[in-house]
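> As a plain string of letters, each chain reads:
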Amino acid sequence: MADMTKKKDMSPKLNRTGWIFVLPSIILIVAFVFYPMVQALITSFQSGAGNNLSFSGLSNYKRLLTDTTFRKALSNTVLYLVVQVPIMILLALAISSMLNNKRLKFKGLFRTAIFLPCVTSLVAYSIVFKSLFATDGFVNAMLVKLNIIAEPISWITDPVWAKVLIIVAITWRWTGYNMVFYLSGLQGIDDSIYEAAEIDGAGAFQKFKSITLPMLKPIILFTTINSTIGTLQLFDEPMNITQGGPANATITISQYIYNILFKYSSDFGYAAAVSYVVVIMIVVLSFIQLKVGDKNE
Amino acid sequence: MSRKIGNVFQYIFLTIASVVSVFPIFWMVIASTNKSVDITKGTLLPGGYFMENLKTLLNSDLQYMNAFKNSLLIAVVTTALAMIVSSAAGYAFVIYKSKGRERVFTIVLLSMMVPFAALMVPLFRLFSKFQHMGPLKVIALNTPMAVIIIAIATAFLIFFFRQNTQSFPKELVEAARIDGLGEFGIFFKVFMPTNKSVYAAAIVVTFMTSWNNYLWPLIALQSPEKRTLPLVLAAMGSSYTPDYGMMMVAVVIATIPMAVLFFIMQKQFVAGMTGSVKG
Chain A
1 MADMTKKKDM SPKLNRTGWI FVLPSIILIV AFVFYPMVQA LITSFQSGAG NNLSFSGLSN
61 YKRLLTDTTF RKALSNTVLY LVVQVPIMIL LALAISSMLN NKRLKFKGLF RTAIFLPCVT
121 SLVAYSIVFK SLFATDGFVN AMLVKLNIIA EPISWITDPV WAKVLIIVAI TWRWTGYNMV
181 FYLSGLQGID DSIYEAAEID GAGAFQKFKS ITLPMLKPII LFTTINSTIG TLQLFDEPMN
241 ITQGGPANAT ITISQYIYNI LFKYSSDFGY AAAVSYVVVI MIVVLSFIQL KVGDKNE
Chain B
1 MSRKIGNVFQ YIFLTIASVV SVFPIFWMVI ASTNKSVDIT KGTLLPGGYF MENLKTLLNS
61 DLQYMNAFKN SLLIAVVTTA LAMIVSSAAG YAFVIYKSKG RERVFTIVLL SMMVPFAALM
121 VPLFRLFSKF QHMGPLKVIA LNTPMAVIII AIATAFLIFF FRQNTQSFPK ELVEAARIDG
181 LGEFGIFFKV FMPTNKSVYA AAIVVTFMTS WNNYLWPLIA LQSPEKRTLP LVLAAMGSSY
241 TPDYGMMMVA VVIATIPMAV LFFIMQKQFV AGMTGSVKG
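Residue numbers (the working numbering), protein chains in the order written: chain A, 1 to 297; chain B, 1 to 279.
What the hints contain is simulated information worked out from the structure, not anything from laboratory work.
Bear in mind the structure is a predicted one, so any value in this text is a computation, not a measurement.
Among the hints, a few may not be true.
Unchecked claim - Listed below are the simulated EDC-like cross-link pairs for lysine to aspartate or glutamate, each with C-alpha atoms no more than 16 angstroms apart in a straight line:
| # | chain 1 | residue 1 | chain 2 | residue 2 |
| --- | --- | --- | --- | --- |
| 1 | B | 55 | B | 243 |
| 2 | A | 13 | B | 183 |
| 3 | B | 41 | B | 243 |
| 4 | B | 4 | A | 198 |
| 5 | B | 41 | A | 136 |
| 6 | A | 207 | A | 195 |
| 7 | B | 35 | A | 136 |
| 8 | B | 97 | B | 38 |
| 9 | A | 209 | A | 195 |
| 10 | A | 207 | A | 191 |
| 11 | A | 102 | A | 190 |
| 12 | B | 35 | B | 52 |
Go ahead and model the full structure; you've got the sequences and the hints to work with.
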């Protein structure tokens, strides 16, 4: 109640101060996020070379339907999303629930080690992975030495292995990141719940399924949406590990937009149309994930 | 019995996960001390070639030290400005709570959903226009400000500061007003000093994001002397005859600031990253 009167009593002067505090942020976000968003939408209905654009209706969007490189970029991005995100989330969940075990020794050591990849920049680790997985690189040398493979694998130049490599690399970089979220969520779960379950004879897997998973649901939802948005915009890794190759086998949508802008003809209208596909995918997928998350409540 | 097996399995699993996580970083450090030929032979022993590799790097035409300076300047200025601008907004959304500002905050949050992919085209066009717009020249393409300006106010930071202001005792604001402190004085002299750990977390995550930023600098900073570290590393990585030793020295030096920051401020590091889910 007291709070209510206080709100109504805010003097015009204080109200003005409030706006002054938020104004710089609002101006920047409008100028560099919302205004460009609208601009991109308008541009996506225009064609022409460079800055000489004229209205062309849906022609850019129609062109998407027959563009084979776009189809490749789209299917690669979806593949990374469908394969990599679940693997990483499950791995992070398994690791964090193990680390949450009170009796576990060397907990801090494990946690620090698994988190360490997050310290590396995306470009830096991409280069390290590119070197490690080069045809004459360390990984092939080891695999041959251990007699696991007879011939070195062309990680970077084989269309299938290149995709595998990208997925391995992203999983390496981001599993520890997601683990941190789950660990902080697990700290909020009372130990007595696990102890009670143990007395009832629940095994490790059962405890995970009926206590950990439901309690962590909001955080799992958050990390899934986060990873989805991140994967749909994937750029740094394919750009620096495989350059999108061989023959666009690992190219992503963001990389395709970049190529349209700076490698091909600077067709702003078409690049904007491609970028709106990402916008629509993010909105739709986030919406679906939120709906599914709500339903299971 | 089964619990014991389960326990052993846990240790094995976590050990493998830890080794896999650390190995590429370990290898990168080892490789930086070896000759390129020895690296491709698969050596895992530290060599004495670090200084040689460093010399090769500094004498190459990559302008590595220049890129290091550019990265540092951009990260420091971005972080300093973001701490004032974004935290002022997050703070005001709580301290001067009003219906109008609540609505604005919801719109600010929506900007988190906007993918950078969609901003790439219009931002590039916008910033190239700034070159011919008088005073806006200072933030046009190929200036450090072009990279800085779009990272000062982010929905994530505003949200983070708003969350953390909610637990800030309003009585302190009231008391400071009675003492005759102005509204800006309260923010700078009362709020900021009492929330050092919140700022520390925000500094760590903002600095890290800026230091590692790749796509927008790649678009905005096209002349070689303006390039930041990730751009130089990327250029190095795409060469056809890579000198692995030199490359790994470059990667190690680019990673050191982040690693140091992480080991000094582990807690804030994690708090900064997870800041958006709590509360």
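> If a hint holds in the structure, say so; if it does not, say that too.
Each hint, compared with the structure:
| no. | hint | verdict |
| --- | --- | --- |
| 1 | B/55 to B/243 | 13 angstroms, holds |
| 2 | A/13 to B/183 | 10 angstroms, holds |
| 3 | B/41 to B/243 | 14 angstroms, holds |
| 4 | B/4 to A/198 | 15 angstroms, holds |
| 5 | B/41 to A/136 | 8 angstroms, holds |
| 6 | A/207 to A/195 | 10 angstroms, holds |
| 7 | B/35 to A/136 | 15 angstroms, holds |
| 8 | B/97 to B/38 | 63 angstroms, violated |
| 9 | A/209 to A/195 | 15 angstroms, holds |
| 10 | A/207 to A/191 | 12 angstroms, holds |
| 11 | A/102 to A/190 | 12 angstroms, holds |
| 12 | B/35 to B/52 | 9 angstroms, holds |
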